[in-house]
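Colleague: Sequences and hints are given; from them, build the entire structure.
Protein chains in written order, with our numbering: chain A, 1 to 393; chain B, 1 to 399.
To be clear, the hints were calculated from the coordinates, so they are not data collected in a lab. Mixed in with the good hints there might be a few duds.
Calculated lysine-lysine pairs in the DSBU-like style (CA-CA distance at most 30 Å, straight line) [stated by the list, open to error]:
no. : chain 1 : residue 1 : chain 2 : residue 2
1   : A       : Lys208    : A       : Lys150
2   : A       : Lys290    : A       : Lys150
3   : A       : Lys290    : B       : Lys23
4   : A       : Lys389    : A       : Lys208
5   : A       : Lys150    : A       : Lys256
6   : B       : Lys353    : A       : Lys150
7   : B       : Lys293    : A       : Lys389
8   : B       : Lys51     : B       : Lys353
9   : B       : Lys23     : A       : Lys21
10  : A       : Lys238    : A       : Lys256
11  : A       : Lys21     : A       : Lys150
12  : B       : Lys153    : A       : Lys150
13  : A       : Lys238    : A       : Lys248
To be clear about the criterion: a stretch of chain B counts as covered by chain A if any three or more of its residues have a C-beta under 8 Å from a C-beta of chain A, and this derived list gives those stretches [as the list claims (entries may be wrong)]:
no. : stretch
14  : 263-271
15  : 380-388
Glycine residues also receive a C-beta, built at the ideal position from the N, C-alpha and C atoms.
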Amino acid sequence: MQRELPQRASIPFWRDERILKGLGQIAFVLLVLFVGALIFRNMQAGLARQGITLSYGFFDGVSGFDLAESIFPYDRNSTYREAFLAGLFNTISVAIVGIIFSTLLGVILGVSRLSANFIINRLASFYLELIRNLSLLVFLIFWYLGVFLKLPRVREAVIWPGDIILTNRGVGIPWGIPTASYPTFQLILIVGLILAVIVFLALRAYSKRTGRAPLTLLWSVLAFIVVGVLGWFILPEKPLTLDLPFVKGLNLSGGKILSPEFMALTSGLVLYTAAFIGEVVRAGIQSVSKGQVEAARALGLNGFQTLRLIVFPQALRVIIPPLTSQYLNLVKNSSLAIAVGYPDVFYVSNTIQNQTGRAVEMISLVMATYLSLSLVTSALMNWYNQRIKLVER
Amino acid sequence: MANSATILPPVTERSNILRWMRKNLFGSWYDSLFTILGAWIVYWAVGGFLKWVLNVAEWDVIIVNARLLFIGQYPIEQSGRLWVWLGFLVFLSGNSLAVWARSSRFAFVLLLLPAFLAFLFPFGDEPRKWLMILCLTGLAGWGIGRARPEVLKRSVIAGWVISLPIIVLLTYGLSESESSIVPVVRTNLWGGLLLTFLLTVVGIMFSFPLGVLLALGRRSELPIIRWFSIVYIEVVRGVPLITILFMAQLMLPLFLPTGWTVDRVIRAMVGITLFSAAYLAENVRGGLQAIPKGQFEAAEALGLNGAQTMYFIILPQALRLVIPILVGQFIAVFKDTSLVAIVGLLDLVGIAKTVLAQPEFLGLQREVYVFISLIFWVLSYGMSYLSQRLEERLGVGAQ
Numbered sequence: 001m002q003r004e005l006p007q008r009a010s011i012p013f014w015r016d017e018r019i020l021k022g023l024g025q026i027a028f029v030l031l032v033l034f035v036g037a038l039i040f041r042n043m044q045a046g047l048a049r050q051g052i053t054l055s056y057g058f059f060d061g062v063s064g065f066d067l068a069e070s071i072f073p074y075d076r077n078s079t080y081r082e083a084f085l086a087g088l089f090n091t092i093s094v095a096i097v098g099i100i101f102s103t104l105l106g107v108i109l110g111v112s113r114l115s116a117n118f119i120i121n122r123l124a125s126f127y128l129e130l131i132r133n134l135s136l137l138v139f140l141i142f143w144y145l146g147v148f149l150k151l152p153r154v155r156e157a158v159i160w161p162g163d164i165i166l167t168n169r170g171v172g173i174p175w176g177i178p179t180a181s182y183p184t185f186q187l188i189l190i191v192g193l194i195l196a197v198i199v200f201l202a203l204r205a206y207s208k209r210t211g212r213a214p215l216t217l218l219w220s221v222l223a224f225i226v227v228g229v230l231g232w233f234i235l236p237e238k239p240l241t242l243d244l245p246f247v248k249g250l251n252l253s254g255g256k257i258l259s260p261e262f263m264a265l266t267s268g269l270v271l272y273t274a275a276f277i278g279e280v281v282r283a284g285i286q287s288v289s290k291g292q293v294e295a296a297r298a299l300g301l302n303g304f305q306t307l308r309l310i311v312f313p314q315a316l317r318v319i320i321p322p323l324t325s326q327y328l329n330l331v332k333n334s335s336l337a338i339a340v341g342y343p344d345v346f347y348v349s350n351t352i353q354n355q356t357g358r359a360v361e362m363i364s365l366v367m368a369t370y371l372s373l374s375l376v377t378s379a380l381m382n383w384y385n386q387r388i389k390l391v392e393r
Numbered sequence: 001m002a003n004s005a006t007i008l009p010p011v012t013e014r015s016n017i018l019r020w021m022r023k024n025l026f027g028s029w030y031d032s033l034f035t036i037l038g039a040w041i042v043y044w045a046v047g048g049f050l051k052w053v054l055n056v057a058e059w060d061v062i063i064v065n066a067r068l069l070f071i072g073q074y075p076i077e078q079s080g081r082l083w084v085w086l087g088f089l090v091f092l093s094g095n096s097l098a099v100w101a102r103s104s105r106f107a108f109v110l111l112l113l114p115a116f117l118a119f120l121f122p123f124g125d126e127p128r129k130w131l132m133i134l135c136l137t138g139l140a141g142w143g144i145g146r147a148r149p150e151v152l153k154r155s156v157i158a159g160w161v162i163s164l165p166i167i168v169l170l171t172y173g174l175s176e177s178e179s180s181i182v183p184v185v186r187t188n189l190w191g192g193l194l195l196t197f198l199l200t201v202v203g204i205m206f207s208f209p210l211g212v213l214l215a216l217g218r219r220s221e222l223p224i225i226r227w228f229s230i231v232y233i234e235v236v237r238g239v240p241l242i243t244i245l246f247m248a249q250l251m252l253p254l255f256l257p258t259g260w261t262v263d264r265v266i267r268a269m270v271g272i273t274l275f276s277a278a279y280l281a282e283n284v285r286g287g288l289q290a291i292p293k294g295q296f297e298a299a300e301a302l303g304l305n306g307a308q309t310m311y312f313i314i315l316p317q318a319l320r321l322v323i324p325i326l327v328g329q330f331i332a333v334f335k336d337t338s339l340v341a342i343v344g345l346l347d348l349v350g351i352a353k354t355v356l357a358q359p360e361f362l363g364l365q366r367e368v369y370v371f372i373s374l375i376f377w378v379l380s381y382g383m384s385y386l387s388q389r390l391e392e393r394l395g396v397g398a399q
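Modeller: Encoded structure:
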């Protein structure tokens, strides 16, 4: 029997996998480019009919609309650019306030879920089940229309202990007003900060040298607080005077007035996100095996030391990645501000777009803004995650 | 033997309520403090809420506007069509429960739900009648399923596959003429829970294949495809849904050739689909990563090509692993559809504004939004509870 020798000649190109893959990818690129070009041409034709050419030139025009609130200097004579920035600052402030409070509440919830106390445990699980099956939009609208706008009118304002005034025009809280010596006080605080950093570095060096674990963070924060308190009392004039809110005619005055929109948005976001953060925290703490705690106790660490040196650092490793995505969700969800009328970056952009008809420019700008906010948040959290990550050989 | 009397039996932990309370409520002084605090919160919250529900709240606004909340401005004389496809779905559910959860008593109770609803809530006569029919249809489906489970397995799946076209066709209608049995009902009349449901179902149905493709693309060894998938997934996950919905509403018409118009509801569906696909892709990718390399190698050794390996070997296992996560994602889609209210569609949340604008129901925001929250809560919780029960029964998601 004659056997054919295997052909050494190269495979024909239409059966060569490498070439096919390359061709497939080229075809894909061509398809994407074709569809992209089609979309772009249609868009240009559509815009041309409306007499618009794509450009951000309109950004220097005078906006002519008011914003209900802004921490960025803004009025109706400002440009669209400033309006956008004002919205951006509002978004960032909501995000910061939201992240701080939802983390605090979330940690409390997470720890409560693990509590041996029956009532506390059940209460936390009930809260979690309640919140996470609700639609955030409905939740926010409820807080706005159903709670903060339903507060009594200014004349019948409810006053909570600590001079917190609740009315349907906003919530007044005590606030500090800077006096003449405030700039000096700021300098003192900077000195305190530098001292805190020095203490922190020194203690860390000490810990590296001796292998002991001093309460680095506690001591540095303490140093900062001591300097601050000393500065407060040394200065001839108090740097801040307490300004209490009060009812003046049909409005609130003094202190810091938080609008119903801001209150509804932040409280809704905080209460909603905290439920998810609570779950993250619980999972993190549960991920530390019992043997770790027992080993720590066997080594003679006390309860607090076990928590601080053994459980917490390990739990943090599990907690940080999902916590990051919760923070990102909070930032993105803050765009629902439009439903309660809080002028965040999305709300402002929508107003600008309604006024100028520049839909393409504004939507791309807003998307780019949120994308960069997300990237910055996740970059920060990744950096932190890198630092606390398990160092393996 | 004389000694045995002195040996006491070991102390057994007898459980009685006092001991239990001692252990779980008053273990230490701060435990007791927390218990009292917790009890006070429960008393304050539950008491306050019940007092509001029973005494303060005026539920008339819900009863009068029930139709608006459930189907929006969908013509009442055409609403029988909606009951028909609902009946079809209930029948299929009964069938599926009988085929896959044969011995579950829970499933049977579930099928009686429409009847309970009809008696519990003050619906009109017409909905009551239809609810009873639904209940019977479900039971019939269940009975048929129990009688011939083997034969029905395929037809049930086929039924689920064609259910989406049936729903859409029945809701939208077949012919323009008024005289036909199912005349067209324009989408601007769709509203309330009906619209929310359709947006959710269409969003899930279309984003699922897209998400699987993106997940495969992200794990592809072809760099261009991989990078395209990565960029798409990360960009979409980095922006809020509401920006995508606005893009779909305002920019989609610009992207299409002159003369093409897209319905506003379809624009919203496109937005939801594109958004949810990116999240689904990440979930599916998790499942794909959990498949050991040996599976690929074994498939290759059997002579399967790339597509066959994926379709017959890898995807069935990967998807099975992530079913619980996918259900969570579907629930998220359901909750997220409420955002279409912001772009002006009259879904469950959007219609609330219409309800509250009626002069006789001014200032009843709490009642309306609590009711809407309740619908969202019951449906989301129901979905997750059901899927958990079924997963336990079928052993899905277990590794």
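Colleague: Does each hint fit the structure? Answer for all of them.
Modeller: Now for the hints, and whether the structure bears them out:
1. A/Lys208 / A/Lys150: 57 Å, violated
2. A/Lys290 / A/Lys150: 49 Å, violated
3. A/Lys290 / B/Lys23: This hinted pair holds, its Cα atoms lying about 21 Å apart.
4. A/Lys389 / A/Lys208: Given that 30 Å is the threshold and the Cα spacing comes to 18 Å, the pair holds.
5. A/Lys150 / A/Lys256: With Cα atoms ~20 Å apart, A/Lys150 and A/Lys256 stay inside 30 Å; holds.
6. B/Lys353 / A/Lys150: 17 Å, holds
7. B/Lys293 / A/Lys389: 27 Å, holds
8. B/Lys51 / B/Lys353: Given that 30 Å is the threshold and the Cα spacing comes to 26 Å, the pair holds.
9. B/Lys23 / A/Lys21: 66 Å, violated
10. A/Lys238 / A/Lys256: 19 Å, holds
11. A/Lys21 / A/Lys150: 63 Å, violated
12. B/Lys153 / A/Lys150: 54 Å, violated
13. A/Lys238 / A/Lys248: Satisfied, since the Cα-Cα distance of roughly 26 Å is no more than 30 Å.
14. 263-271: violated (count 0)
15. 380-388: Satisfied; 3 residues make the cut.
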